[in-house]
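Asker: Listed below are the residues making up each chain.
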Amino acid sequence: MRWLYLLLVFCILRVLLGISQAEDWPTYRHDNRRSGVTQEKPDLPLNLAWVRKSSVAPMMAWSGPAKWDAYSGNKDLQSMRNFDPAFFVTSVKGAVFFGSSIDNAVHCLDSKTGKERWVSFAGGAVRLPPAIDSGRVYFGSDDGYAYCVGSNDGKPIWKFRPAQSDRLIPSNGKLISPWPVRSGVMLSGKKAYFAASLLPWEKSYLCALDKDNGKPIYISENANMTLQGALLGSTTTVYAPQGRSMPLLFNATNGKAIKGVGGMGGTFCLLTEDELLVGMPANQKSSGNVIQIGDPSGGQAMLKFAGADRLLVVGEMAYIHQGRFLQSLNRIEYARLQKRTSDLGAQLKALKANDNKLRKERKAMVAQKKQPGVKGVDEKIVQVGGAIKDIEGQINSSRQSLGKCFGWETSCPAPYELIFAGGVLFVGAKGKVMAFDAESGKEKWSGDVDGHAYGLVYSDGRLYVSTSLGHIYCFSG
Amino acid sequence: MLRLYLLLCFLTLVCSSVVRSDDGALHQWHFTKTHWKGSSVSCSDLSLVGKITSEPDFNEDGGWITGGSAAISIEGVKASSLPSQQITVEADVVIEKGQQWGGIISYAQDNGDYERGWLLGYNESAFVFWISTGGSLKEVVSDMPFTPGVRYKVTGSFDGKNIRIYVDGRVSGAASIDGNIVYPKWAYYAIGAYKDENENYPMLGRLFSASVFSKALTEDQVRARSGLKPAPKPIEFTARPVLRFTGKAEAQIQWSTALGSDCAVVYGIGKSLDRMIAAKGDKGDHVVTLGDLRHAESYSYRIVQTLGNEERVSPEYEFNTSLNFNVLRGGEGGAQGVVSQAAAIVERAGINRGYCLVIGATKPELLLGLSSVTEMSVVALESDQDTLSASRKYLYENGVYGSRVSIIKVDGINDKIPLTSCMVNLLVSLKRKDDDEIRRVLVPGRGKAMFLSEGGRIVTRDKLKDSGEWTHQYGNAGNTASSNDSLGGATGTADFAVQWVGRPGADFGIDRNPRMPAPIVAGGRLFHQGMNRLIALDSNNGAVLWAAEIPDLRRVNIPRDCGNWCADDHNLYVAVKDQAFIFNAETGRRRQVLKVLPEEMSSKGHDWGYIGRVGNALLGTTVRRATGYTSFWSKRMWFDGKGANDGTAQVCSDSLFSYELVNSRAKPSWVYRQGVILNPTISAMSGRIYFVETRNKKILASTKRRLSGADLWRDQFLVALDARSGKLIWEQAIDTQDGTVSFYLQASPEGLLLTASNTKFHLYAFDPETGMPTWKKSANWPDDHHSGHFQHPVITGGNIYLQPNGYRMNSGELITSKVGRREGCHTYVGAGGALIYRGKSRQISMWDRKTESVSSWPRLRPSCWLNTIPASGMLLVPEGGGGCSCGGWMETSIGFLPKSRLGGAR
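Chains as they are written, first to last, in the numbering used here: chain A, 46 to 522; chain B, 603 to 1508.
Hints listed in this document are in silico derivations from the structure and should not be mistaken for laboratory results.
Hints should not be assumed to be uniformly reliable.
Far from chain B, some chain A residues (derived; all Cβ distances over 10 Å) [said to hold, decoys possible]:
#, residue
1, S100
2, G109
3, D148
4, E247
5, T282
6, A327
7, K394
When the alpha-carbon atoms are kept at most 30 Å apart in a straight line, the in silico DSBU-like pairs for lysine-lysine are as follows [said to hold, decoys possible]:
#, chain 1, residue 1, chain 2, residue 2
8, A, K112, B, K1018
9, A, K260, B, K1018
10, B, K835, B, K817
11, A, K330, B, K755
12, A, K487, A, K157
Using C-beta positions, here's what the derived DEER-type ranges look like [what the hints assert, rightly or not]:
#, chain 1, residue 1, chain 2, residue 2, range
13, A, K235, B, R877, 51 to 61 Å
14, B, R753, A, E424, 47 to 57 Å
15, B, G670, A, F370, 51 to 61 Å
16, A, E424, B, S641, 21 to 31 Å
17, B, N661, A, N296, 39 to 49 Å
18, B, H637, A, L447, 53 to 63 Å
As the structure is a computational prediction, the values presented were derived from the model and not from experiment.
Beta carbons are placed, not taken as given, at the ideal position from N, Cα and C, and that holds for glycine.
Full structure from sequences and hints, please.
Answerer: So, in structure tokens, the structure goes:
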């Protein structure tokens, strides 16, 4: 009875003090939608608990983007393939895991101390963090294999390579398969999904394996693709980014390619609960950064946020950084109004065309001296003119309402990562990480780091920050 | 040092004191609110009044908001009242949005070919100033883009010989032009719009003031009017600066000056020159090591020199640490004895860079030692799992696993090696004996295998049969645009396997490397240029051998000029302004700095133009300073047009000279001076140099050497010189069609080919022994855009290819009209049985000469002139087009090996 009493007291205290339950962060950006959202509430302020420093910065798969497109006059081109700028971590049950593009391994650290528990080597760079499930650790490597190792000891359980060839080729001082696994491994139900792909003129493989034994459920061979960056998944669909080409949709059941999401690109993608895909534009034509929200099924208008670096979706709210400001946005209402404005615009265009046509008719009638007809046309012109005025008024009203969809706005440096943890927004910036109250936008805390904070994870009372120098910081309350 | 500190303060606070002088403006306009009366604004010349149709609007900053009807256009201003011999036009302006035709202040007419007057304005992204001296207008474009919404002081000046554009007091573009300003019969005096008789494009932005002067203000005057102090004198470099990254967070800058003096470098992140470090060295040779550089940061620096009481300053240069390709040296934990063993192996083999394969990982200390004493990527093969795990752990704990050393699990140590062929520079076998598999993975011609169980016996893989080189801009000194590489019989893209992929990437170059010098390949090394930088890679595995940042390297519009480098097995020769550097090809050490000949030409303002190597002769030409093309910003600097103002003017040289090379040292040999040499025609073969020069008196008397116009095509001679002595072998007066769009000369054993392009291609063949003409042909352009109208012919297999046609070189007989259709700006190159070019869907494509079929690599984009190089038995494509922002390009450097050369590695 005593333990029951203590449990009851604990639960009451948890409710009263608002302490949320510790959550795991078992995969890249928390879940297969890459939401970056956890309901675990942080206990601010945080203090540096430990830091694991790297002597070498991550050895990224690709070089940075061109400085500019001088021909087109575009500056500040976005990198569309920087899916591995830091050692992103995952965290489950007191352990922190990360893959390394330097030492070709997955590492497991003790979350309290940062001390290494084990290291498990692959045959090539590991560019995305492992996914963790039921005591197992899943990851892909540039050597062309997907791996499964035990989470307690890092010992191999299975590995699988879809390409027949074992030929390794040089790449940036290392060796890679011409079919490297640069998608990470995504777990869903009994399946482990990954892509082995690099060159559009070679085959690309989208694979689903039985995650228990690594046996293939299907291997989907495809042409003219370069699948790279973390896969995303809904219950029915696998989304595969391609960098400088549009993300592709695959049927999760059989691996068949469905379509591409036109107008989108990059490797920073997230999938909302209502099946909208957030990503970058399909090309680098815009000077500076742009984030978009698109409907993969087509039909719904895209939302574009010029100057945006990162975007986060929590229910109906979106948090977005544009220019120098972080702001909140009711994205549902914003999208509704955008669509309404767009529809009204189409109506206005049709009315104006009609007006133009009527005026030409009138001109012809005047020339032919058909006076009675002119009168009738005049009446129609007046009617159409009234409708035009009405629609223009509605458009203005709709545009004004669009501005009201934005809630708070607060000054904030450009984020390299943005996550949500129990009502707190964590922003990874150059040389620091910051926390803002998601309701008010007020800054609650900040901590210094060395390098650009590309990776943020909040799990089990700890904030993990992965930087461009290869360092991993742990802050705790 | 105090003086240097003060100079540093001056450089960082250069805008702090505003020194404004009137300088005697002919027209001075002020547009802030107090200067308007209603909708009128007056000028210092009271006869001029600017009017707009409604009340002016003003921004919070006081600027007059232009756009729509808010522009001034004054009629009736007589051209005779405007400056004709010299002019300066200045505006204090904000541009909110760039546009194709942007005017700030002008008196101009631009109707098709009728271009008269002057205009200070802008385009989509940069400021422009142009004048007309009778023919087509002459335009200078600011070398950096403007930022919309930012206020600038923009100045254009013309002194009768030179046209310049300044942004905020700093020279941002210059060109030479002779004559007086020629005005239209009638024009608007327009302010705040691009307006002439039939065009009116309002300027979206703000104006604060504008002035017109009837003289060319000096640079110091322009600087003063922008609040800058007079420019310090430039440093006279006897060896221009080169920056090399020498460690993970370290860079070294080396330069030399004529006079022994104190030098220092001021530098900092971004544009802040907030750090200073004194140079070491004596006798005019200086070196500075910059430490604690941050990862992936952009830095600026200047070199400052103290000469008595005088300071001299270099231009501001840049570098970015994301282009630091240095590897981390192996840890110091290795036992000394094993490091010694590694050192002994490396010393015996004489190989320090690239990939090292060790068969057997039972000696992890040896692997650590190899990573410590070399710059190689070390890969080991191991079959025993326990040994593998223990060795990996050891190397991981010593901080080199993955970054410098990796171990691959194999089933059997004597089994097939899971590596691509032809990629290993040094193979060290602990126990395995020599076999075909070991030979297969070695780099042909250079790769060595050492067998430790056989007392360190060394074998070297033979060179591939029929592999070739690409030592000059168009493959060889003869400019054939082809190599003698058979590509292993590959004639289609499916015949190749990817051999390596990776650096350099798109951040290395100038977005699409617009008409830049081609990469070159010699001795198994691939050299590639980017934005004022170069890199040396191992052709066979893409390993970075060395790289250098050279601030004055850039040269563009090569179709109207010539390449700025060439190479042989031992050296890389690079022309940099008035000098040429000889680099050790393997290490990048600068062996020698050469001046143009005769040496006095250097002090007279001549740069090194052509550079080529024939036998023991290192050839060069002198080009007057600022004649070569260096601007790259905007569509115009893509040089794809057909008019004289579209970058079709030929870069020409005043002299041709030779250094004799003996054991990699060069000494002056001879100088040839006669006419004015057209750089794109300089070619050499079999100990002879061929070129076209004009001896037209007007041209000879002119100060210009970037030439177009009728005189250039008069009094031309085709000349052959002996490369060793510089003596004339023959010369032949020629009168070809004018090459107003392009003009190339190529030398092949079957004959010389001169190709002039104006409205179509005109081909002229000559006997290389006598210079006598043999045949001529004309052919229509396939297109008049994307280089279609100035593609460089390919001579290969005894044939000429100039899309869409192929001809026999010795007779001119037409052999095909089905050359694979180009769809992009990369010109054709030839090798083996194929041409390589930018074809279907603007991807790198191959055209099989025999079957006339086309194949392509999806999403692989070449540069905008030439970066697909058939050499070293491979097809090499160092990145050159990834900055083209529109397409889904792969944005990487890549090497292809013919599958026929893969051996067992499939």
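Asker: It remains to establish, for every hint, whether it holds in the given structure.
Answerer: Results for each hint:
With a minimum CB-CB distance of about 6 Å to chain B, S100/A fails to clear the 10 Å threshold, and the non-interface call is violated. The claim that G109/A is not at the interface with chain B is violated, since a C-beta of that chain comes within 10 Å of its own (minimum 4 Å). Separation of D148/A from chain B is inadequate, the least Cβ-Cβ distance of about 4 Å not exceeding the 10 Å criterion. The Cβ of E247/A sits about 8 Å from the closest Cβ of chain B, inside the 10 Å cut-off, so the non-interface label is violated.
No beta-carbon of chain B is positioned within 10 Å of the beta-carbon of T282/A; the least distance is around 22 Å. Not every beta carbon of chain B lies more than 10 Å from that of A327/A, the smallest distance being close to 8 Å; the non-interface claim is violated. Listed as a non-interface residue, K394/A keeps its Cβ farther than 10 Å from every Cβ of chain B; the least gap is roughly 23 Å. Between K112/A and K1018/B the alpha-carbon distance is near 43 Å, which puts this suggested pair outside the 30 Å criterion.
A threshold of 30 Å between alpha carbons decides the hint, and for K260/A with K1018/B the separation of about 26 Å falls inside it, so the pair holds. Taken as a hint, the K835/B and K817/B pair is honoured in the structure, with Cα atoms around 23 Å apart against an allowance of 30 Å. Taken as a hint, the K330/A and K755/B pair is honoured in the structure, with Cα atoms around 28 Å apart against an allowance of 30 Å. Between K487/A and K157/A the CA atoms are separated by roughly 29 Å; this keeps the pair inside 30 Å, and the hint holds.
A hinted range of 51 to 61 Å holds for the C-beta pair K235/A and R877/B, which are about 59 Å apart. Distance hint check for R753/B and E424/A: the Cβ-Cβ separation is about 53 Å, which falls inside the suggested range of 47 to 57 Å. G670/B and F370/A have their C-beta atoms about 31 Å apart, which leaves the hinted 51 to 61 Å range violated. The supplied range of 21 to 31 Å is broken by E424/A and S641/B, whose beta-carbon atoms lie about 40 Å from each other.
In this structure, N661/B and N296/A break the distance hint of 39 to 49 Å, their C-beta atoms being roughly 56 Å apart. Distance hint check: the CB atoms of H637/B and L447/A are about 40 Å apart, inconsistent with the given range 53 to 63 Å.
Hint check: violations occur at hints 1, 2, 3, 4, 6, 8, 15, 16, 17 and 18; the rest are consistent with the structure.
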